[in-house]
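A.B. asks: The hints should help you fit chain L onto chain S, whose structure is shown.
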Amino acid sequence: MGLIQVEIRLAGFDPWQELGQWAGHSAAVAVFVGRVRSTAMDGRPLQALELEHYPGLCERQINRMAVQLQRKHAAGAMLVVHRVGRLLPGEPIVLVAVQADRRGAAQRCSAALLEQLKHQAPFWKREWCADQGTWLKENTSL
Amino acid sequence: MLQVLLFASLRERAGWSERSLSWSSDYATPRAVWDRLELGSLQGISIAVNQELVDADQPLQAGDELAFLPPFTGG
Chain S
1 MGLIQVEIRL
11 AGFDPWQELG
21 QWAGHSAAVA
31 VFVGRVRSTA
41 MDGRPLQALE
51 LEHYPGLCER
61 QINRMAVQLQ
71 RKHAAGAMLV
81 VHRVGRLLPG
91 EPIVLVAVQA
101 DRRGAAQRCS
111 AALLEQLKHQ
121 APFWKREWCA
131 DQGTWLKENT
141 SL
Chain L
143 MLQVLLFASL
153 RERAGWSERS
163 LSWSSDYATP
173 RAVWDRLELG
183 SLQGISIAVN
193 QELVDADQPL
203 QAGDELAFLP
213 PFTGG
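Line by line, the protein sequences are chains S and L. Take 1 as the starting number for the first sequence in the numbering used here and just add one per residue. Take 143 as the starting number for the second sequence in the numbering used here and just add one per residue.
Keep in mind that a hint or two might mislead.
Only part of the chain L face toward chain S is listed, based on derived beta-carbon distances under 10 Å [claimed, not checked]:
{"no.": "1", "residue": "Gln145"}
{"no.": "2", "residue": "Phe149"}
{"no.": "3", "residue": "Ala150"}
{"no.": "4", "residue": "Glu154"}
{"no.": "5", "residue": "Ser183"}
{"no.": "6", "residue": "Gly186"}
{"no.": "7", "residue": "Ala190"}
{"no.": "8", "residue": "Ala209"}
{"no.": "9", "residue": "Pro212"}
{"no.": "10", "residue": "Pro213"}
{"no.": "11", "residue": "Phe214"}
{"no.": "12", "residue": "Gly216"}
Over the 12 Å line for every Cβ pair with chain S, so calculated as not near, a few chain L residues [what the hints assert, rightly or not]:
{"no.": "13", "residue": "Asp177"}
{"no.": "14", "residue": "Glu180"}
{"no.": "15", "residue": "Ala198"}
If you're looking for bench data, these hints aren't it; they were derived computationally from the structure. Virtual Cβ for every residue (Gly too), placed ideally from N, Cα, C.
Isolated chain S (complex conformation) (with noise of 0.2 Å):
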């Protein structure tokens, strides 16, 4: 089994650079980047995007979910960077990345590990639109 790495940033980070520090030689790795929209979900013009978490709470989750994917799928290594704070339209939110030793199982984890992050790790996502803030109620759709 990989190293399983999730790190919570508070500052902005480049997936690819973080791509790039990331070790491992697998043959097949699956990656997913998601980044800020630039517009609410109402269609408005997004200002920022707000991010907040449950410390500690979160990373186990995360961590939690990752084990139990890895062995599920025999995937290998996993990263997770995840960011919190005040996020500008087109700044990269999450950054999912999973080594395996075949398409299908690196894919089919990358995959799983986001839906179950988007749905079971506590992040709160608010909106911000000409200087007022609304929670988001749920996620988008897949």
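C.D. replies: For chain L alone, coordinates are given in the frame of chain S:
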């Protein structure tokens, strides 16, 4: 003591993020604490005790950290 934490929209609805309650048998479970906070329905709210997700009827003990968490919207 019982440490109660609220996050995101719940924190804004309540107007506070953290509160220490003197331990009492009235606070036997997260559900019992929630009912006394008068913050509406518990439906859709996740609960963590000492940073582990639990159900609303898990017994509480003095010194616990109890957090009420609105629906998650990360990723």
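A.B. asks: Hint by hint, note whether the structure agrees.
C.D. replies: Going down the list of hints, with the structure as the test:
no., hint, result
1, Gln145, "violated (13 Å)"
2, Phe149, "holds (6 Å)"
3, Ala150, "holds (4 Å)"
4, Glu154, "holds (7 Å)"
5, Ser183, "violated (14 Å)"
6, Gly186, "holds (9 Å)"
7, Ala190, "holds (5 Å)"
8, Ala209, "holds (6 Å)"
9, Pro212, "holds (6 Å)"
10, Pro213, "holds (6 Å)"
11, Phe214, "holds (6 Å)"
12, Gly216, "holds (3 Å)"
13, Asp177, "holds (22 Å)"
14, Glu180, "holds (20 Å)"
15, Ala198, "holds (16 Å)"
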